[in-house]
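Residue numbers (the working numbering), protein chains in the order written: chain A, 1 to 576; chain B, 577 to 687.
One thing to keep in mind: the hints can contain errors.
[Said to hold, decoys possible] Simulated restraints, written as ranges between beta carbons of each label pair:
| no. | chain 1 | residue 1 | chain 2 | residue 2 | range |
| --- | --- | --- | --- | --- | --- |
| 1 | A | N43 | B | R629 | 18 to 26 Å |
| 2 | A | T153 | B | R629 | 29 to 37 Å |
| 3 | A | S85 | B | S607 | 28 to 36 Å |
| 4 | A | A364 | B | R637 | 52 to 60 Å |
| 5 | A | D131 | B | P658 | 46 to 54 Å |
| 6 | B | P658 | A | V205 | 45 to 53 Å |
| 7 | B | R637 | A | R157 | 27 to 35 Å |
| 8 | A | N43 | B | S607 | 53 to 61 Å |
| 9 | B | S607 | A | D131 | 21 to 29 Å |
| 10 | A | R187 | B | G605 | 45 to 53 Å |
| 11 | B | P658 | A | T226 | 55 to 63 Å |
| 12 | A | T169 | B | R637 | 41 to 49 Å |
| 13 | A | S108 | B | R637 | 37 to 45 Å |
| 14 | A | N61 | B | P682 | 50 to 58 Å |
[What the hints assert, rightly or not] Pairs of lysine to aspartate or glutamate residues, derived as EDC-like cross-links and limited to a Cα-Cα distance of at most 16 Å, are as follows:
| no. | chain 1 | residue 1 | chain 2 | residue 2 |
| --- | --- | --- | --- | --- |
| 15 | A | K388 | A | E228 |
| 16 | A | K368 | A | D396 |
| 17 | B | K662 | A | D396 |
| 18 | A | K97 | A | D76 |
| 19 | B | K662 | B | D645 |
| 20 | A | K218 | A | E191 |
| 21 | A | K251 | A | D396 |
| 22 | B | K662 | A | E191 |
| 23 | B | K662 | A | E228 |
Think of the hints as simulated: they come from the structure by calculation, not from any bench. From the three backbone atoms N, C-alpha and C, an ideal C-beta is built for every residue, glycine too.
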Amino acid sequence: MSAKEIKLLSKNGIQKCPTGIAGLDQITEGGLPQGRPTLLCGNAGCGKTVLAMEFLVRGANEFNEPGVFVAFEETDKDLSQNVASMGFDLPALSARKKLLLDYVRIDSSEIQESGDYDLEGLFIRLGNAIDSVGAKRVVLDTIESLFSGFSNTSILRAELRRLFAWLKTKGVTAVITAESGDGKLTRHGIEEYVADCVILLDHRVEDQTSIRRMRVTKYRGTMHGTSEYPFLIGQTGISVLPLSALKLEHKAPTQKISSGVPRLDAMLGGKGFYRSTSILVSGGAGTGKSSLAAHFVEAACKRGERALYMASEQSTDEVIRNMRSIGIDLEPWIKRDLLRFYSARPGTFGLEKHLVTIHDETSAFRPKVVVIDPITNFASVGSRSEVKSMVTRLIDMFKSRQITAMFTSLTAGDSSPELSEVGVSSQMDSWLLLRNLESNGERNRGLYVLKSRGMAHSNQIREFVLTKHGIQLLDVYVGPSGLVTGSARVAQEAKERAEAEERKQQLQRKTSELKENRQQLEAQIAKMWSDFEIKEQSLMRDAHQMELREKQITTDRVAMGYTRKADRVHANSKGR
Amino acid sequence: MKPTKVRRSGGKQRASSRIWNLRLYVAGGTSRSTAALNNLQRICDEHLPGRYRTEVVDLLRHPQLAAGDQILAVPTLVRTLPPPLKKIIGDLSDTQRVLVGLDLIPRKVSS
Numbered sequence: 001m002s003a004k005e006i007k008l009l010s011k012n013g014i015q016k017c018p019t020g021i022a023g024l025d026q027i028t029e030g031g032l033p034q035g036r037p038t039l040l041c042g043n044a045g046c047g048k049t050v051l052a053m054e055f056l057v058r059g060a061n062e063f064n065e066p067g068v069f070v071a072f073e074e075t076d077k078d079l080s081q082n083v084a085s086m087g088f089d090l091p092a093l094s095a096r097k098k099l100l101l102d103y104v105r106i107d108s109s110e111i112q113e114s115g116d117y118d119l120e121g122l123f124i125r126l127g128n129a130i131d132s133v134g135a136k137r138v139v140l141d142t143i144e145s146l147f148s149g150f151s152n153t154s155i156l157r158a159e160l161r162r163l164f165a166w167l168k169t170k171g172v173t174a175v176i177t178a179e180s181g182d183g184k185l186t187r188h189g190i191e192e193y194v195a196d197c198v199i200l201l202d203h204r205v206e207d208q209t210s211i212r213r214m215r216v217t218k219y220r221g222t223m224h225g226t227s228e229y230p231f232l233i234g235q236t237g238i239s240v241l242p243l244s245a246l247k248l249e250h251k252a253p254t255q256k257i258s259s260g261v262p263r264l265d266a267m268l269g270g271k272g273f274y275r276s277t278s279i280l281v282s283g284g285a286g287t288g289k290s291s292l293a294a295h296f297v298e299a300a301c302k303r304g305e306r307a308l309y310m311a312s313e314q315s316t317d318e319v320i321r322n323m324r325s326i327g328i329d330l331e332p333w334i335k336r337d338l339l340r341f342y343s344a345r346p347g348t349f350g351l352e353k354h355l356v357t358i359h360d361e362t363s364a365f366r367p368k369v370v371v372i373d374p375i376t377n378f379a380s381v382g383s384r385s386e387v388k389s390m391v392t393r394l395i396d397m398f399k400s401r402q403i404t405a406m407f408t409s410l411t412a413g414d415s416s417p418e419l420s421e422v423g424v425s426s427q428m429d430s431w432l433l434l435r436n437l438e439s440n441g442e443r444n445r446g447l448y449v450l451k452s453r454g455m456a457h458s459n460q461i462r463e464f465v466l467t468k469h470g471i472q473l474l475d476v477y478v479g480p481s482g483l484v485t486g487s488a489r490v491a492q493e494a495k496e497r498a499e500a501e502e503r504k505q506q507l508q509r510k511t512s513e514l515k516e517n518r519q520q521l522e523a524q525i526a527k528m529w530s531d532f533e534i535k536e537q538s539l540m541r542d543a544h545q546m547e548l549r550e551k552q553i554t555t556d557r558v559a560m561g562y563t564r565k566a567d568r569v570h571a572n573s574k575g576r
Numbered sequence: 577m578k579p580t581k582v583r584r585s586g587g588k589q590r591a592s593s594r595i596w597n598l599r600l601y602v603a604g605g606t607s608r609s610t611a612a613l614n615n616l617q618r619i620c621d622e623h624l625p626g627r628y629r630t631e632v633v634d635l636l637r638h639p640q641l642a643a644g645d646q647i648l649a650v651p652t653l654v655r656t657l658p659p660p661l662k663k664i665i666g667d668l669s670d671t672q673r674v675l676v677g678l679d680l681i682p683r684k685v686s687s
């Protein structure tokens, strides 16, 4: 969350003081109440001091607000050492006058009370500390220690009330820590005096794993998240993990990245998944989820992007060996520092610890692509709702960092593949379903795209084959009895090939028959022509002869006339 | 009780031979400050005649001095000498408690 957003959030309502602590500013919608005291309570070891210290350190480093830390329990040297592991360099901050550590020792054994008193000494001391560094932020840790040092509690209570009012007039944003106990927020009822904002921290152990939780129990004059949020103390300080981001403001890149399987990319509209989306690959045992994931990381490495593979069922070596069998060699990418594996059994740590690990690994390695294989294994260390909220938080984290994440999920059986084991499918952008297709005494794999938000995708089931050259997606035949896969598909293919061959031969036969017919026909025609010509010739000949004969007759008749001395008749009068 | 007796005699011995250094922290000239100062004067004159040295620190004028003796409450009377360090907070109106706090008389066995 940027400073600008925080300002926007706090525009309406009271002014807020951003803590800079990941997640805390989100659930408080901007930070702690500016210029007012906040009570931070919780049982021993719940992280009060760390949270309070981070508030000051981040204030000094990120918001240029110097702070004063008044410690009633630990010496400043101890404090510095304790928080050094989180990268907080208190001596350096002190040297730069950004932080003032003041250890106030209370030893009741050397104090005797006689008559009336007040705590003006503490006020003066605190005021002096605030003025010397120009502090805007103050922490009192743990103010309740005063109750062990002073026996006159009525004076003490009055003085505490006065202290908090005084802090308000100083205009500092104060964090006061207190121990909870006896079923109350604080052992001595401090919450009566600090009424603006109360944050409760809790540290409990469930199923042998420790869980830290945070809850804003009260925040006057402002909206705030009211649920219990898990928080972690990691290598860089505290991270509060809101169950879901209060606002969904992830950027939506339109760039697409390959799944590593060309045919699958084609099924997803041609180019694969959108960047910074979350992909669920679910399926029964042995349906090829990890293989698909390996393709995905390999494709990322080939693009020169970093990929993180969180494996919770196989060790790094096992994954490498197994993937080599389908022609994916991941080892070179590891050597080139493009691929990193993190393998651990989920049972080793609690869910929160896993979250920290994934969080830390992601922060350190800065991958573009993350695979969590499988997500369902976390179900063994948390309840369904916990796992669901964890996955939600993971998705939020990945999206906010523009990471494309693939989660594999083992479904219990093939009976209801749409029921994803951890109930997270609704939060996923793409969902690939791998199924076992059983028929004709064999088991084959099928893949289909159940959903893929924001892109046209194939509705076809593809047969999914693991070959020496990786995953191949093949068309499946739909026969009268349903899908045809595996050897049945091969048989079907052979049958179709034979049929095609026969059709070809038939055509050839028909063609030659036709040719023959034509030849016969042409021969007949030629014969008829020749017959006709013969007839014609004989007819012509006959006609000629008849003509000749006619002439002869005429000639003969003229001659005869001459002979008989007949009337002269023209030859052409024809006897008249 | 034996240890109590030993300490009492020791205390008396020290009380008779050594100079007492007493520092009174106050915050401004409040009535409580004045009362504490007057009570201190009276107790010292009565129980440590001629064997004490007092010093008054006004924290409003020297706020940085509050950290040195870990002063939270005012008024606070600090016995810097003889050792060990002793602190008495309040306006010193309860003389009995002041004397106990300064080890001038033993703590009550019952308490």
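The hints, checked one at a time:
no.: 1; hint: N43/A x R629/B: 18 to 26 Å; in the structure: violated (48 Å)
no.: 2; hint: T153/A x R629/B: 29 to 37 Å; in the structure: holds (35 Å)
no.: 3; hint: S85/A x S607/B: 28 to 36 Å; in the structure: violated (51 Å)
no.: 4; hint: A364/A x R637/B: 52 to 60 Å; in the structure: holds (53 Å)
no.: 5; hint: D131/A x P658/B: 46 to 54 Å; in the structure: violated (36 Å)
no.: 6; hint: P658/B x V205/A: 45 to 53 Å; in the structure: holds (51 Å)
no.: 7; hint: R637/B x R157/A: 27 to 35 Å; in the structure: holds (29 Å)
no.: 8; hint: N43/A x S607/B: 53 to 61 Å; in the structure: violated (43 Å)
no.: 9; hint: S607/B x D131/A: 21 to 29 Å; in the structure: holds (27 Å)
no.: 10; hint: R187/A x G605/B: 45 to 53 Å; in the structure: violated (37 Å)
no.: 11; hint: P658/B x T226/A: 55 to 63 Å; in the structure: holds (59 Å)
no.: 12; hint: T169/A x R637/B: 41 to 49 Å; in the structure: violated (21 Å)
no.: 13; hint: S108/A x R637/B: 37 to 45 Å; in the structure: violated (28 Å)
no.: 14; hint: N61/A x P682/B: 50 to 58 Å; in the structure: holds (55 Å)
no.: 15; hint: K388/A x E228/A; in the structure: holds (15 Å)
no.: 16; hint: K368/A x D396/A; in the structure: holds (15 Å)
no.: 17; hint: K662/B x D396/A; in the structure: violated (58 Å)
no.: 18; hint: K97/A x D76/A; in the structure: holds (15 Å)
no.: 19; hint: K662/B x D645/B; in the structure: holds (10 Å)
no.: 20; hint: K218/A x E191/A; in the structure: holds (10 Å)
no.: 21; hint: K251/A x D396/A; in the structure: holds (11 Å)
no.: 22; hint: K662/B x E191/A; in the structure: violated (33 Å)
no.: 23; hint: K662/B x E228/A; in the structure: violated (47 Å)
Hint compliance for this structure: hints 1, 3, 5, 8, 10, 12, 13, 17, 22, 23 are not met, and every other hint is.
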